[in-house]
Amino acid sequence: MIIMNNISKRYPNGSVALTNINVHISKGEFVFVVGPSGAGKSTFIKMLFREVLPSSGELFVNGRNVVDMERSEVPYLRRSLGIVFQDYRLLPQKTVHDNVAFAMEVIEAPYREIQKRVNHVLDLVGLRHKARVYPGELSGGEQQRIAIARAIVNNPVLLIADEPTGNLDPDTSWDIMKIFSRVNRNGTTIIMATHDKDIVDSMNKRVIAVENGTIVRDEVKGVYGYEA
Amino acid sequence: MRLRTLEYFVRETFSSIRHNGLMGFASMSTVALSLLILGLFLIMVLNLNHMASTLESQVQITVYLEDSVSNAGITRLANEFADMEGVKKVTYVDKKQAMERFKQRLGEQQGLLTALENTNPLPNSFEIQVDKPERIKMLAPEISELPGVENARFGQEVVEQLFTLTKIVRIGGVVLILFLALAAIFIIANTIRLTVFARRREVSIMKYVGATDWFIRWPFLLEGMVLGLAGAFIAVLLLAEAYSALLSQAQATLAFLPLIPRQPFLTQVSAVLLASGTAIGALGSAISLRKFLDV
Numbered sequence: 001m002i003i004m005n006n007i008s009k010r011y012p013n014g015s016v017a018l019t020n021i022n023v024h025i026s027k028g029e030f031v032f033v034v035g036p037s038g039a040g041k042s043t044f045i046k047m048l049f050r051e052v053l054p055s056s057g058e059l060f061v062n063g064r065n066v067v068d069m070e071r072s073e074v075p076y077l078r079r080s081l082g083i084v085f086q087d088y089r090l091l092p093q094k095t096v097h098d099n100v101a102f103a104m105e106v107i108e109a110p111y112r113e114i115q116k117r118v119n120h121v122l123d124l125v126g127l128r129h130k131a132r133v134y135p136g137e138l139s140g141g142e143q144q145r146i147a148i149a150r151a152i153v154n155n156p157v158l159l160i161a162d163e164p165t166g167n168l169d170p171d172t173s174w175d176i177m178k179i180f181s182r183v184n185r186n187g188t189t190i191i192m193a194t195h196d197k198d199i200v201d202s203m204n205k206r207v208i209a210v211e212n213g214t215i216v217r218d219e220v221k222g223v224y225g226y227e228a
Numbered sequence: 229m230r231l232r233t234l235e236y237f238v239r240e241t242f243s244s245i246r247h248n249g250l251m252g253f254a255s256m257s258t259v260a261l262s263l264l265i266l267g268l269f270l271i272m273v274l275n276l277n278h279m280a281s282t283l284e285s286q287v288q289i290t291v292y293l294e295d296s297v298s299n300a301g302i303t304r305l306a307n308e309f310a311d312m313e314g315v316k317k318v319t320y321v322d323k324k325q326a327m328e329r330f331k332q333r334l335g336e337q338q339g340l341l342t343a344l345e346n347t348n349p350l351p352n353s354f355e356i357q358v359d360k361p362e363r364i365k366m367l368a369p370e371i372s373e374l375p376g377v378e379n380a381r382f383g384q385e386v387v388e389q390l391f392t393l394t395k396i397v398r399i400g401g402v403v404l405i406l407f408l409a410l411a412a413i414f415i416i417a418n419t420i421r422l423t424v425f426a427r428r429r430e431v432s433i434m435k436y437v438g439a440t441d442w443f444i445r446w447p448f449l450l451e452g453m454v455l456g457l458a459g460a461f462i463a464v465l466l467l468a469e470a471y472s473a474l475l476s477q478a479q480a481t482l483a484f485l486p487l488i489p490r491q492p493f494l495t496q497v498s499a500v501l502l503a504s505g506t507a508i509g510a511l512g513s514a515i516s517l518r519k520f521l522d523v
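Quick mapping for you: the protein sequence lines, in order, are chains R and Y. Mapping the first sequence onto our numbering, position 114 (from 1) lands on 114, and the numbers just tick up by one. Mapping the second sequence onto our numbering, position 192 (from 1) lands on 420, and the numbers just tick up by one.
If you're looking for bench data, these hints aren't it; they were derived computationally from the structure. Don't be surprised by glycine CBs; every beta carbon is placed ideally from N, CA and C. Be a bit skeptical, because a hint or two may be false.
Listed next, the in silico DSS-like pairs over lysine-lysine satisfying Cα-Cα at most 30 Å (straight line) [claimed, not checked]:
id, chain 1, residue 1, chain 2, residue 2
1, Y, K519, R, K46
2, R, K94, R, K178
3, Y, K323, Y, K360
4, R, K27, Y, K323
5, Y, K435, R, K46
6, Y, K395, Y, K316
7, Y, K435, R, K178
8, Y, K316, Y, K365
Partial list, computed: chain Y residues near chain R (C-beta under 7 Å) [claimed, not checked]:
id, residue
9, L234
10, Y236
11, R239
12, L341
13, T342
14, I433
15, Y436
16, G438
17, A439
Far from chain R, some chain Y residues (derived; all Cβ distances over 10 Å) [what the hints assert, rightly or not]:
id, residue
18, G252
19, L276
20, N346
21, A468
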């Protein structure tokens, strides 16, 4: 699913974010990316959907060569991915339903298909009854569930989450993790950058620890490994 | 493109115009104003052109003959003129006709002519009309050389001044129109930049979920085009009213002024303005989108 060979990233301002990263992630895996702030987690995550381009090395996501990709191919890479952010990034002037449908409208999905899928994913995150509500009327946890619904509505092969529980209290975070587990059980690969020690320690999944731009630890059933 | 996508674009376009009502109104008015001035100038330039070519086509060579030329000589000259390249029409005006015209032109002051008693000092003459006004300058000296011709005259200075004037107006008009069009493009670009800025969150989300660049661009492009077209429409309405009013005024007081008749002139000008408005809108959007969509 993801192959990183000798990936390095140096930003134009000279700061080095990643050095010689080698990672293989198979289809269906659930992977946590952990590490101190500024260690390169964010760069690691952003490369996967080509928000950031590596300075050197090879990167394949879902069989696509991300480094040599034409600019015009990027949308098609992203269509095979679902992305969840710490700050939800919902559109305040659209209803919950329209926020989720938006992800399908922009890829020109047929109307019937949109209705069917939106209802399905809203059921999956348990918020179908809020379909006509605007995001501003929802709690943070509910907003994040909507964001997840939007991320998975196009049946992505890979779900990328950057600190998805960063703004949420522990109980709500667990709701989010339950949804992720369910999505993962359906075959979607999940990569999640996080600072949440409790979640990483209890989920018992693969953990990749990044420090100073290199991978210092990659364990199949790992723990967070830092003080919370 | 799917019909549903088209519907989505149109929906997005108009909801965006609604949301940014004031800005939309501002840019529409600016386009209307720019196109109004542009249109005024267009109408002015075209009318001046029209006047110039009307006057140009009225310019003719007057050939004054020596009194000694016989009737046979006159016929010979008439044939010779008619054979010259570019000559459209040759009219013979004899002394008597010339005097009649002169009298008419004097009108109430005909009494002056009694001083001449019964002599007629006016020469026999030819009036020669040509196909192109530029040809006059070449033909006139040639004709002066012919035997029996006293001299050949045309309103040389008037014609040359007219040529210079129309040239200046044409060039000046084109330059001014270009500047105004640039200003309108700049204003539209600014408006679209603001709408893109206001919707940058939406744009970034669209990018994350895999919308193509063109899918993102179209609503903004359409918005620019709609604003440009609406502005042009306002300008066209105002111009049509103004020109119709001008025409009826001119007919009442300045009937000799050779203005271009209302139709199909106004339709043509309107088509040009509406097309320019739309193009200006599209261009303005395209310029601001180029910078803003590189995420």
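The hints, checked one at a time:
1. In summary, the hint linking Y:K519 to R:K46 is supported, as the alpha carbons are separated by about 22 Å, within the 30 Å threshold.
2. Only pairs whose Cα atoms come within 30 Å are accepted, and R:K94 paired with R:K178 is accepted, the gap being roughly 26 Å.
3. Under the criterion of a C-alpha separation no larger than 30 Å, the hint pairing Y:K323 with Y:K360 is consistent with the structure, at around 28 Å.
4. Taking the CA atoms of R:K27 and Y:K323, the gap is about 109 Å. The hint is violated against a cut of 30 Å.
5. Annotation: proposed proximity of Y:K435 to R:K46 holds, straight-line Cα distance about 13 Å (limit 30 Å).
6. For a cut-off of 30 Å, the pair hint linking Y:K395 to Y:K316 stands: about 25 Å separates their Cα positions.
7. Simply put, Y:K435 and R:K178 have alpha-carbon atoms about 27 Å apart, close enough for the 30 Å limit, and the pair holds.
8. Simply put, Y:K316 and Y:K365 have alpha-carbon atoms about 15 Å apart, close enough for the 30 Å limit, and the pair holds.
9. The beta carbon of Y:L234 is not positioned within 7 Å of any beta carbon in chain R (closest approach about 10 Å), and the interface hint is therefore violated.
10. This hint holds: Y:Y236 has a C-beta 6 Å from the nearest C-beta of chain R, less than the 7 Å allowed.
11. For Y:R239, the interface hint is violated, the least distance from its beta-carbon to any beta-carbon of chain R being 10 Å, above 7 Å.
12. A hinted interface residue such as Y:L341 counts as satisfied when its beta carbon comes closer than 7 Å to some beta carbon of chain R; here the least separation is about 88 Å, so the hint is violated.
13. Given the 7 Å rule on beta carbons, the hint for Y:T342 is violated: about 93 Å separates it from the nearest Cβ of chain R.
14. Interface restraint check for Y:I433: the shortest CB-CB distance to chain R comes to about 6 Å, inside 7 Å, so the restraint holds.
15. Interface restraint check: Y:Y436 against chain R, minimum CB-CB distance 5 Å, threshold 7 Å, status holds.
16. Hint on Y:G438 holds. Least Cβ distance to chain R is approximately 4 Å, under the 7 Å limit.
17. Interface restraint check for Y:A439: the shortest CB-CB distance to chain R comes to about 4 Å, inside 7 Å, so the restraint holds.
18. Here Y:G252 stays apart from chain R, with its beta-carbon at least about 17 Å from theirs, past the 10 Å limit.
19. With a minimum CB-CB distance of about 50 Å to chain R, Y:L276 clears the 10 Å threshold, and the non-interface call stands.
20. Distance check for Y:N346 against chain R: the nearest CB is about 95 Å away, which clears 10 Å, and the non-interface claim stands.
21. Look at Y:A468: its CB is around 39 Å from the nearest CB on chain R, clear of 10 Å, so calling it non-interface holds up.
In terms of the numbered hints stated before, the structure departs from hints 4, 9, 11, 12, 13, listed from lowest to highest.
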